[in-house]
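Engineer: So in the working numbering, spot 103 of the sequence shown is number 115, and the numbers just go up one at a time.
A hint or two may mislead.
Said to hold, decoys possible - What follows is a set of in silico ranges between Cβ atoms, one per label pair, in the way DEER data are often shown:
no., residue 1, residue 2, range
1, Arg45, Lys107, 17 to 25 Å
2, Leu227, Ile40, 17 to 25 Å
3, Pro236, Asn130, 23 to 31 Å
4, Asn80, Ala145, 38 to 46 Å
5, Lys232, Glu179, 20 to 28 Å
6, Met126, Lys190, 30 to 38 Å
7, Lys232, Gln105, 18 to 26 Å
8, Glu231, Ser79, 45 to 53 Å
FYI, nobody ran anything at the bench for these hints, they're computed from the structure. We put the beta carbon where it would ideally sit given N, CA and C, even for glycine.
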Amino acid sequence: MIFGDYHVHSTYSKDAKTTMQEILDEAIAKNMRAIAITDHCYYHMYGIKKGQLSEMYKTIDKLDQQSNVHVLKGIEANLMNQKGEIDFPKNEQDKADFVILSYHKSFGKGFGKMLAHNKMKKTDEKTIALNTAAYIKAMENNKINMVGHINYVAKVNCVEIAQYCKEHNIYLELNGRKNCMSDEELRAVIGTGVQFIITSDAHTKERIGDVRMGLTIMEKFDIPEWQIANLNKLPDFSKRK
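Please model the complete structure; the sequences and the hints are all you need to start from.
Structural biologist: In structure tokens, the structure reads:
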């Protein structure tokens, strides 16, 4: 059983349709032990507005007291460029229980952001190396608990990222909406021994806890149970190095 869903969006993400209360109610109905509300951060075109973070986290703290389901204060931070910058300021990171590092094709306004995006979506070897280095630099310099849907739009060396995650006890996501790794990449990534978290990436109430894609990948590639951090157990975020 999947004990917790660690990638769920509320209506604070403008592309989602579920309130925070509805997220908790659904988690209770589906017998979860934990759920992380991880709305898009400032750089994403559907992200939260600056100034909303405290309001969000106060609401989550109240929800956390309502049941035995642990409701985590999360954020889905965006990798902004090949410098490894993210849109979640360091002075706000300690407020979060759970931070996802992801790259998206939906970028904020501004010509500079568009140029950075156009550089990262190329697929030549040099770009892949620069994108990979950007992810690693972002993990080195920020509080990151999980890398979300790697290879989505910005191609990377998946094995190199998985190895870094393993060495620093950062989880790698098996996303419930998109798998952007080839079979060959998946086999190599699994072989690193990295720990995965299977998530829904839910943007609607119905999809909360829907981890069928991740479980299908687990079965197809024979990923051992010990390598799935939220299968019949809860992840340990204190181990991050």
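Engineer: Each hint needs a verdict: does it hold in this structure or not?
Structural biologist: To see whether the hints hold, each was checked on the structure:
Between Arg45 and Lys107 the beta carbons are some 23 Å apart, a value that agrees with the proposed interval 17 to 25 Å. For Leu227 and Ile40, the hinted distance range of 17 to 25 Å is satisfied, since their beta carbons lie about 21 Å from each other. Between Pro236 and Asn130 the C-beta distance comes to about 40 Å, which lies outside the given range of 23 to 31 Å. The given range of 38 to 46 Å is respected by Asn80 and Ala145, whose C-beta atoms sit roughly 42 Å from each other.
Taking the beta carbon of each, Lys232 and Glu179 are about 26 Å apart, inside 20 to 28 Å as hinted. Taking 30 to 38 Å as the suggested C-beta distance range, the pair Met126 and Lys190 does not conform, at roughly 23 Å. The supplied range of 18 to 26 Å is broken by Lys232 and Gln105, whose beta-carbon atoms lie about 35 Å from each other. A beta carbon spacing of about 31 Å between Glu231 and Ser79 contradicts the range 45 to 53 Å that was offered as a hint.
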